[in-house]
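A.B. asks: Spelled out, the chains give:
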Amino acid sequence: MITVSINGAIRQFPDPLSVAALIGEMGLSGKRIALERNGEIVPRSAFAAQQLADGDRLEVVVAVGGG
Amino acid sequence: MNDKLIIAGKSYSSRLLVGTGKYKDFAETRAALDASGAEIVTVAIRRTNLGQNANEPNLLDAVPMSKFTYLPNTAGCYTADDAVRTLRLARELLDGHSLVKLEVLGDPQSLYPNVVETLAAAKTLVAEGFQVMVYTSDDPIIAKQLEDIGCVAIMPLASLIGSGMGILNPWNLQLIMERANMPVIVDAGVGTASDAAIAMELGCDGVLMNTAIAGAKDPVLMASAMKKATEAGREAFLAGRMPKKLYSASPSSPTAGIIGSVRS
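Read top to bottom, the protein sequences are chains A and B. Going by my numbering, 17 is the number at position 17 of the first sequence; the sequence numbering is gapless. Throughout, my numbering is defined as the position within the second sequence, counted from one, plus 1000.
Since the hints were made in silico from the structure, they are not lab data. C-beta atoms are modelled at their ideal positions from N, C-alpha and C, and glycine is treated no differently. Careful: at least some of the hints might be erroneous.
Using C-beta positions, here's what the derived DEER-type ranges look like [said to hold, decoys possible]:
id : chain 1 : residue 1 : chain 2 : residue 2 : range
1  : A       : GLY39     : B       : PRO1243   : 26 to 36 Å
2  : B       : ASP1082   : A       : LYS31     : 18 to 28 Å
3  : B       : LYS1010   : A       : GLY24     : 34 to 44 Å
4  : A       : LYS31     : B       : LYS1010   : 39 to 49 Å
5  : A       : ILE2      : B       : GLU1056   : 22 to 32 Å
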């Protein structure tokens, strides 16, 4: 069991998973998003290779209207 | 007229930059952008909604990056650190796009910029290769420091964000413009078309606004008004206005040949 924070919400997963698997789980595959893991950008090209670890803090962002 | 706004080596025909926030839907956003003629549009970077419908409409569909130059902002950031993180995410999100709008706010009531944090964030961002258009106060010394750091445009407020109070201190804007070797774009405070025209008549290189358009009763019509006002103000600046004087002994019509006058 690993526990991670995603956009400030706590989520638990029974097994370790990759960033790409998490994105799929969230229904965001193929969407234009950017992801920060523990304060560092994870490039889209590294989504498949990076494994999440217990205690990770993730921010997943999109572009929205703003001034 | 071949009069381009050049920012970081790229030239733009429109001197009106607009935000994409506060519209009732994306259709209205797009209609207003089209009416404004703006090429550069600001966008915000926000956490994606978790567990929501992944097929809900999104900004990128309504405002395609192929048609508009995105200017991701750091609205809502109160520290240099948050602003830098936000723009790193923006660069990743937008495929390496490096033209950004830096704003670091001082307090949530006034939304007045925190220039100390702004300077710190600008240093980091410039070092990381960002092209930084920077929102700041109308302090000419800070403006010069931001230029020296390597920002590509200085964007002083005309009055507070969302206030619609217009240009409160044209003299400070003039001090900034006299010293600047890069575009000066009035950002924030414009309320109506005449405010945009005044900014341009002063010699500003452009104006950036969001609420003045989105907060109008008819945003699309106001966007069109802002386009005309920005162009009119620019042309008036280039034309060079007549000097002001209290009165003139020089009427526009000939002083000779007035009927009933005595010929000498």
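A.B. asks: Determine for every hint whether it applies to the structure shown.
C.D. replies: Okay, the hints, checked on the actual structure:
no., hint, verdict
1, A:GLY39 to B:PRO1243: 26 to 36 Å, "violated, 57 Å"
2, B:ASP1082 to A:LYS31: 18 to 28 Å, "holds, 23 Å"
3, B:LYS1010 to A:GLY24: 34 to 44 Å, "holds, 37 Å"
4, A:LYS31 to B:LYS1010: 39 to 49 Å, "violated, 28 Å"
5, A:ILE2 to B:GLU1056: 22 to 32 Å, "holds, 29 Å"
Hints 1, 4 from the list above are not met by this structure, while the remaining hints are.
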